[in-house]
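Single-letter residue listing:
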Amino acid sequence: MRSNLATLRSDVELSLAGRVVSPFGYRDRKSVETVLTGIPEIDALAGGFPRGALTEICGPPCSGRTTVLLSALASRTAEAEVCALIDARDSFDPRSAEAAGVELRQLLWVRCRGLEQSLRAADLVIQGGGFGFIALDLSDVAPETVRHVPLNAWFRFRRAVEDTSTVLLVLEQESNAKTCASLVLRMSMKGAKWSGAGENVNDPTSVINTVGISRHSHKFVAHELLAHGCLQHAGLPHARLLDGSDVQAEMLHTRMQSINFQQTQRGFQQAQNGPVSIERHFAGRDFANSSDGFERSDTQSFSAQSVWSYLHALPVEAKLK
Amino acid sequence: MSFAAIHIPDFIVQAVVRGEGALRERAVAIVEGTAPLWSVVAANRRAAQAGIELGMAKSQAAQFTGVEIRHRAPAQEKTTHEALLDLGWSVSPRVEDSTPDTIVLDLAGLSGLFGTEEKIAHEFAKRGSSLGLSARIAVAENIEVAILAARGLPGVTLIPPGEEAQRLRALPVHTLLPAPEILETLTRWGVETCGRLAALPVIQLSERLGQEGVRLHTLARGALVRSLVLAKPSDNFQEEMELDDSVEELESLSFVLGRLLDQLCKRLAARSLSARSIRMEFELERSFEKGLQLSAHTDQHKLLPRKFEKILALPVPIRDSKLLLKLVRLRLQSDPPPAAVIKIMLSAEADRVRTTQRGLFLPASPEPEKLELTMARLANLVGDANVGSPQLIDTHCPDAIRMERFRLAQEAAGGRRKKPSAPGGAPAEKNSSALRIAKPANGFRLLRPSVPARVELHDGLPVRVFFYGARGEIVAASGPWRTSGEWWQDPWDQAEWDVEVRFSASAQKNKRASNPAGERGLYLIYYDLRQHGWFLRGMYD
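The listed protein sequences derive, respectively, from chains A and B. Residue 1 is where the first sequence starts when you use my numbering, and the numbers rise one by one after that. Residue 1 is where the second sequence starts when you use my numbering, and the numbers rise one by one after that.
What the hints contain is simulated information worked out from the structure, not anything from laboratory work. These figures come from a predicted structure and were not determined experimentally. Where is the CB? At the ideal position from N, CA and C, for every residue including glycine. One should not assume that every hint holds.
Going by beta-carbon spacing under 7 Å, a handful of chain A positions derived as facing chain B [as the list claims (entries may be wrong)]:
| no. | residue |
| --- | --- |
| 1 | ILE39 |
| 2 | VAL110 |
| 3 | ARG111 |
| 4 | LEU124 |
| 5 | GLY244 |
| 6 | SER306 |
Using the sequences and the hints, build the whole thing.
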């Protein structure tokens, strides 16, 4: 038996000679560089988005996927990276993106009509090369349609960005790339936050008619009035404002350990030597107080703010602009 | 002071052969005239050896096997002449445009760059070959001697000072390009070479042939001295080709376009220039049948256009012919010529070669040439209007944006790229609406177009909403937020509501193909006061 194994091993090594070095040797997976997402909670959870790899963000509608996307785009464009967004259903809103801090001139927006077109467009952009961040937004495509995308398509995308510095992000309702994805996050909305209280009582005479003023502006005015107690919010629907929402991110799968791993709240410093690739699959459990002193959790929650809410936080001079 | 003359022998044949590389080693005869009276006007050495004579009828010439017959191409002669001038300007700024097939260059100051006069001459031959020209080069201290030697002697000829008459002696007298009647007279006299003409007494010659005879005599002795008449460098880079048969398929057209682009790029490279834009002009075949079909469809008597033009604007100067061909093909795929093509003309707007220096610490970005190709392919896939960077229009109208051509920041800034912000991700200064916030901003997804919805109101408040075949209860609402404007052109008047919707269990099971409803969500609905209906604008995601 042993001699057969030895013969088999030497045969395999001979046939792979010149093509593969030490086919039976253990190889450390190299460290993966990550980039900040712009959301500290997600950076703490996953270490950021990996370069040269495919990341999936999945979740139902209104779960916070676009929030993460815009935050990542803002973070990348702030670093002068060239970004691309392949929009399968043409649902990108440049106004909210600009309000979120995205530098629109650094963004190539490809407005597609359907899944097939968007996959081909993604292929062209990835093969073109040079983009720091590419997002494929399939959020509004029916999950049963995306399920039919063959696995080799995801594998092809992953291979195309491997050994490059491109972050490839896919947004969808369900995770489909399986092991082709180096990081999979599932988003869900925990709840909405509304300012003001009381029942919704209609008072037609108190409708704020703001002809020619943008939606953000007049909501900002309402926010100011609410903040200063100038508006009796009880019973007036326009006195209630959507302040934002609480979002939960759950890490379903990760394949890498970032060299940019941030310190945890306990101040634990990640060792830099030795093999650094760890494949972790979480099944909804918390890994608190693990043996190596690492406080890990597979979920993190954060709050997303509505645009008009943070206008309130600006100094007066900025508000007057 | 030395001068070099570059002469293209069999110019008419070489102009045609330059466009068809496969003819280079073949016997070629060029015919001209009106059908059916075509006659041979030029033939290369191989065709002459095969028996082709000038003035022969086309039908006669066709009987010789192995001889390729082509029609004269004045357009290609023009571009070949321009290529010859580009060859001259690629080496020296002082060039004289003597005749369509001959130029003269001043070699003063070139020895430091190229070495001896012999090396300079060979450099000309090499560069001419790269432009598709087989040239004869002669170097002499006298301009006319150099021209005559280039016309009459093959290969590279160097004439030292004092040996002009001796070197020109054996040249046939027709090399001097005398008027036909003078040539006839000289032939009748038995004066067949320049040496014999130079030996004639000049006074008697002037009595019989006048001043022209004296001039020819001085030329034959290599004694005619004159100055160089400089030609002004042209920025016109144009290649054209008339097709023997009309071509309709893009594949066949691509073959011709590739050849023309190759020639164009070589000429640009010879002058150290690149193309900033390429203008394509196609002359179309007038088709009677297609013209009739068009008029039947539109009830108008309208002929198809005679010409089809396209301009390919490039983000950076490019002279890679393969890349340019890909871009041209992609452009023509999306908008092909409406009829078969009988003539193609390409012209390039020349510009200096792009020089950029990348910063060591700046993030990588796509190569401009590759990006242009990617953008062309994307435009082909999704349409020109659906690729670019979004820019907000200064209006309060919802979803008022325009798509601008996507350009790299460093190209937009003229080669200088803005440094990124400090490490740590602090955003650079932007306009006032791009704000730095502690918490991430809620993302919003637009529905284009807005989806019609049905809303149930109670005391003026929305309490229930129906869209995507699902019914949801509105658990919280904010609004109405009236917005309207642009009454003068494209008015809108809407009342918006932010609503939190909780979908029933049956709605969750009812997963429509376009957007299945989750358990709950935050949506923006509005009542359009002009259309009197409710719509779903988008969702907060």
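Evaluated hints:
no.: 1; hint: ILE39; verdict: holds, 5 Å
no.: 2; hint: VAL110; verdict: holds, 6 Å
no.: 3; hint: ARG111; verdict: holds, 4 Å
no.: 4; hint: LEU124; verdict: holds, 5 Å
no.: 5; hint: GLY244; verdict: holds, 5 Å
no.: 6; hint: SER306; verdict: holds, 5 Å
Comparing the model with each earlier hint shows no violations; every hint is respected.
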